[in-house]
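Now that you have both chains on their own, put them together as the hints suggest.
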Amino acid sequence: MIVCVLIPRFQLTVAVGERAELLSKPVALAPAAGPGPSRSGRGVGRSGLQARTGGVQRAPRPQGVGEVSLAAEAFGVHSGMRIGEALARCPRLTLIPPDPAGVADLWERLLVRLELIGAAVEPERPGLVCLDAQGLLRLHGGIEGVLTAARRALQVPARFGVAPSRFAAVAAATKARVRRPAIVSGSRAQARAYLAPLPVSLLRARPALAELPEALERLGVKTLGELAEIPIAALADRFGNEGLLAHELASGGDGVLRPRPAAEFLRESLELPEAASGTQLEHGLGLLIDRLLARRERRGRTVRSVVLSAVLVEHGGTWREQVVFREALADPVRMRLALAPRLALMPAPAEMLRFAVERFGPPASDQRALLEDPAVARAARLREAIRQARAAAGPDAALRVLAVDPSSRFPERRAVLAPFEG
Amino acid sequence: MSVTGPRRLSIPRRVAVEAGDDGTPATVDGREVDAVRESWLVEDRWWTDRPLRRRYWEVVTTCGRDEVVFHDLQSGRWWRQR
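In order, the protein sequences belong to chains P and S. Numbering that gives the first Met the number 0 puts the first residue of the first sequence at 0, with every later residue one more than the last. Numbering that gives the first Met the number 0 puts the first residue of the second sequence at 0, with every later residue one more than the last.
Simulated from the structure, these hints should not be mistaken for laboratory data. It cannot be assumed that every hint is accurate.
Some chain S residues flagged as far from chain P (calculated, every beta-carbon gap over 10 Å) [what the hints assert, rightly or not]: (1) S9; (2) D43; (3) G63; (4) Q73.
Quick list of the computed label-pair ranges, beta carbon to beta carbon [claimed, not checked]: (5) T61(S) with Q62(P): 30 to 40 Å; (6) P230(P) with W46(S): 26 to 36 Å; (7) E17(S) with E263(P): 28 to 38 Å; (8) E57(S) with V400(P): 16 to 26 Å; (9) L72(S) with E225(P): 29 to 39 Å; (10) E225(P) with G75(S): 38 to 48 Å; (11) G134(P) with R36(S): 14 to 24 Å; (12) E20(P) with T61(S): 50 to 60 Å; (13) E42(S) with A119(P): 41 to 51 Å; (14) R36(S) with H77(P): 35 to 45 Å.
Glycine included, every Cβ here is placed at the ideal spot set by N, Cα and C.
One chain only, chain S, in its complex shape (with noise of 0.2 Å):
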C-alpha cells in the first residue's frame, strides 16, 4: 500500500478581505470585522531575491469568529493562515 509523503500543515489560503486606508481589515470572506486583537509584522529572507514580507492581522469578525490574516507586502495579496 503506498502512503503519501510529508505535507506541510498550517499553509495560508487565499481569502477576500476588504482592507481600509490604513491597511486594516473591514471585512473577511464577506464577515465584517468587529475587532482587532493584534498586528505585527515579520520579514524575513530579505538578503535573497525573494524576500518574504507579511503584515498580520488577527481579528474577530462579527459572526464570532477568530481569523488569522495577512497581507503580502509583496504581492499585495491577502491570505488566511492558523
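Bound conformation, chain P alone (with noise of 0.2 Å):
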C-alpha cells in the first residue's frame, strides 16, 4: 500500500512567501538564477590546492519558467515552457525569483517530520514525496490512522493518495482534496479500474515518459485505460521501453519504492549587517566553517558534502550551491579554498549566508606516510574519487564493464556493468 504526499505547487508558494495573494494571479517561477552557459565556460580559476579540494562542475540549468499559478495555466502556461513562449500566451505573467534554499530546507523539514513517524520516505521531487505505509498500518491503526499522523506531522495542507502502486498513488493524490484523501484499496486490477478513465497526461509525472502522452493522443488514445487495453506488443514496437514501461503504469504496475536513507543535516547561518559580497562574504564563509567544525555534532568526522546558500538582498530570493569535496575534508583551510571561489557564482549580494553539511566522511584519523609507495597512492587517490562520484551522483557513479563470456555470438551476453570496487 503506497501513499502518496502531495503539495501542490509547494516551491512557488515557498518562493511568495508572505505574499499569498501573488497565487491568484498569472505568476511563474523564473528560472534559477545562477551561471549560464558563458559563464560556466569560463569556469572558476583554481589550481594547485583548490584543484585538489574543489568540488565537481555540473551543467548549465535549462531556461525554462518554474511552477506556475492555476491563472497562469488558464492562459496556457506550463512549467518548462520558454520564457519567451510563456509571456507571448500571458503578457500579464509575473516572473517570481526562486527560492531554492528555501525550497530545500523546508522541504527536508516535512520530510524529516513524516520519517518522525516512522516512515521511510522516496522524494520524487519537493512537493512530493511517497512513502509504503504496509509497515506503518499497526502502528497507526489503519491506513486513515497513518494518514491522520502524516497530516498532523507536516503542518501544511497536503493531498493524499492512496493505492496499490506509486504511479496509482500519486495520480489519486492528484485527484484528491486537502481533506479527503482518495484511497483505492485492492491490487493491481484494482488500481488498473482506477486508473482506466484518467488522462494519458498523468505520465508526464515520470520524467523518462514525458514526451510520451502528446505523440499516444495523436494517435487517439486519450485515457489510460485505452493505453492498457493496446497489445503490449504493438506498444514496444512503436514506442520501445517507454511503452512497456507506460502499458506497466497503467496496468496497475510499477517499481517498488526505493526510500532515501537517514540522513544527519548540521547547519550555521550568518546575518549580514549591510549586503555583502566579495571579501566580506569569505570573511563569513571563514567564520561559519569555523563553527561548523566546532559542532559537537560533528564527533571528529570529515565533511564530505556541503551546501552552501544565501539570501539575496532586495527580495532577490535565494542562492543555492552543494559541493561535493574531491576528498573528506576536516581542515578549514582547505574547505574556504575549495568554497570561496563558489561564492562569486553569487548572483547578487547577500543578507545571510548559511552553510550545512549534507554528508560526512570517515573521522578524521588519515595520516599520510613520510615516503608513500607511488602505486598505494594511486589506488588510495582513485578509491576516494570513487567516493567523491558517489557521494555527487549516486551509487551507479563509478561502475566497470566485466568480461563474461567475451566470445559469445550474442552481444548481450559478452559483457555486464558491475560496482568499481577500487
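This is how it looks when you write it as C-alpha cells:
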C-alpha cells in the first residue's frame, strides 16, 4: 500500500512567501539564478590545493519557467515552457525569483517530520513524496490512522493518495482534496480500474515518459484505460521501452519504492549587517566553517558534501550551491579554498549566509606516510575519487565493464556492468 | 551506501521496423533505410525448449545512422542491439 503526499505548487508557494495574494494572479517561477552557459564556460580559476579540494562542476540549468499558478495555467502556460513563449501566451505573467534554499530547507523539514512517524520516504521532487504504509498500519491503527499521523506531522495542507502502486497513488493524490484523501484499496486490478478513466497526460509525472502523452493523444489514445487495452507487443513495436513502461503503469503496476537513507543535517547561518559580497562574504564563510567544525555533533568526522546558500538582498530570492569535496575534509583552510570561488557565482549581494553539511566522511584519522609508494597512493586517490563521484551522483556513478563471455555470439551475454571496487 | 548489482550490457531494445517481403528492413524507427551493410544469421540453444534464432541486419538510414537490428525468428519481433 503506497501513500503519496502531494503539496501542489510547493516551490511557487515557498518563493511567494508572505505575498500569498500573488497566487491568485498569473505568476510563474523564473528560471533558477546562477551561471549560464557563458559563465560556466569561463569557469572558476582553481589551481594547486584549490583544484585538489574542489567539487564537481554541473551542467548549465535549463532556462524554462518553473511552477505556475492556476491563473497562469488558464492562459496555457505550463512548467518548463520557455520564457518567451510563456510571455507571448500571457503578457501579464509575473515572474517570481525562485527560492531554492528555502525550498530545500522546508522540504527537508517536512521529510524529517514524515520520517518521525516511522515512514521510509522516497521523495520524487519538492512537493511530492511517496512512502510505503505497510509497516505503519498496525502502528497507527490502519490506513486512516497513518494519514492522520502524516497530516498532523506535516502541519501544512497536503493531498493524500493511497493505492497499490506508486503511479496510481500519485494519480490518486492529484484527484484528492486537502481534507478528503483518495484511497484505492485492493490489488493491481483495482488500481488499473481506477486509472482507466484518467487522461494519459498523467504519464508526464515520469520524466522518462514526458513526451509520450502527446504522441498517444495524436494517435487517439486519450485515457490510461485505452492505453492498457493496447497489446503490449504493439506498444513495444511503436514506442520501445517507454511504451512498455507506460503500459505497466496504466495496468496498475510500478517499480518498488527506494526510500532515501536516513541522513544527518547540520547547519550554521550568519546574518550579515549590510549587503555583503566579495571579501566580506569570504570572511563570513570562514566564520561559518569554523563554527560548524566546532559543533559537538560532528564527533570528529570529516565532511564529504556541503551546501552553501544565501538569502539575497531586496527580496531577490535565495541562492544555493551543493559542493562535494574531492576528498573528505576536516581542515578549515582547505574547505575555504574550495568554497570561496563558489561565492563568486552568487547573482546578487547577500543578507544572510548559510552553510550546511549534507554528508559526513570517515573520522579525521588519515595520516600520510613520509615515503608513500606511488602505486598505493594512486590506488588511494582512485578510491577517494570514486567516493566523491558516488557522493555527487549516487551509487551507480562508478561502474566497470566485466567481461563474462567475450566470445559469445549474442552481444548481451558478453559483458556486464559491475560496481567498481577500487 | 548500497551499490547496485551487475547489469547486462547491450541488452536488445524493442524497435519499430518495417520490412520488405524478403525480410530486408525498409524503415527503422520511421527512418528510411539507405543501405544494408551486412546480414547474418545466429542460431543457438536449438537443443533446448527455448531456442534462439535471430537474423541480424546492419543498416544505414538516410539520416546517416548506423543501426544493428535483428528479427527474432521465434517471436517475429524486431529488436535493436549495439
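Evaluated hints:
1. Against chain P, the non-interface label of S9(S) is violated: not every CB pair exceeds 10 Å, the least being about 4 Å.
2. Here D43(S) does not stay apart from chain P, with its beta-carbon only about 6 Å from theirs, under the 10 Å limit.
3. The claim that G63(S) is not at the interface with chain P holds, since no C-beta of that chain comes within 10 Å of its own (minimum 21 Å).
4. For Q73(S), the non-interface assignment is confirmed: its Cβ lies about 13 Å from the closest Cβ of chain P, beyond the 10 Å cut-off.
5. The supplied range of 30 to 40 Å is met by T61(S) and Q62(P), whose beta-carbon atoms lie about 33 Å from each other.
6. At roughly 31 Å, the beta carbons of P230(P) and W46(S) sit within the given window of 26 to 36 Å.
7. For the pair E17(S) and E263(P), the beta carbons lie near 57 Å from each other, so the given range of 28 to 38 Å is not met.
8. Between E57(S) and V400(P) the CB atoms are about 22 Å apart, so this pair conforms to the stated range of 16 to 26 Å.
9. Range check, L72(S) to E225(P): Cβ separation about 32 Å, and the 29 to 39 Å hint holds.
10. Between E225(P) and G75(S) the CB atoms are about 25 Å apart, so this pair departs from the stated range of 38 to 48 Å.
11. About 56 Å separates the C-beta atoms of G134(P) and R36(S), a value inconsistent with the hinted range of 14 to 24 Å.
12. Judged by the Cβ atoms, the range 50 to 60 Å given for E20(P) and T61(S) holds: they are separated by roughly 56 Å.
13. Separated by about 48 Å at the C-beta atoms, E42(S) and A119(P) satisfy the suggested range of 41 to 51 Å.
14. Checked against the hint of 35 to 45 Å, the pair R36(S) and H77(P) passes, with Cβ atoms roughly 44 Å apart.
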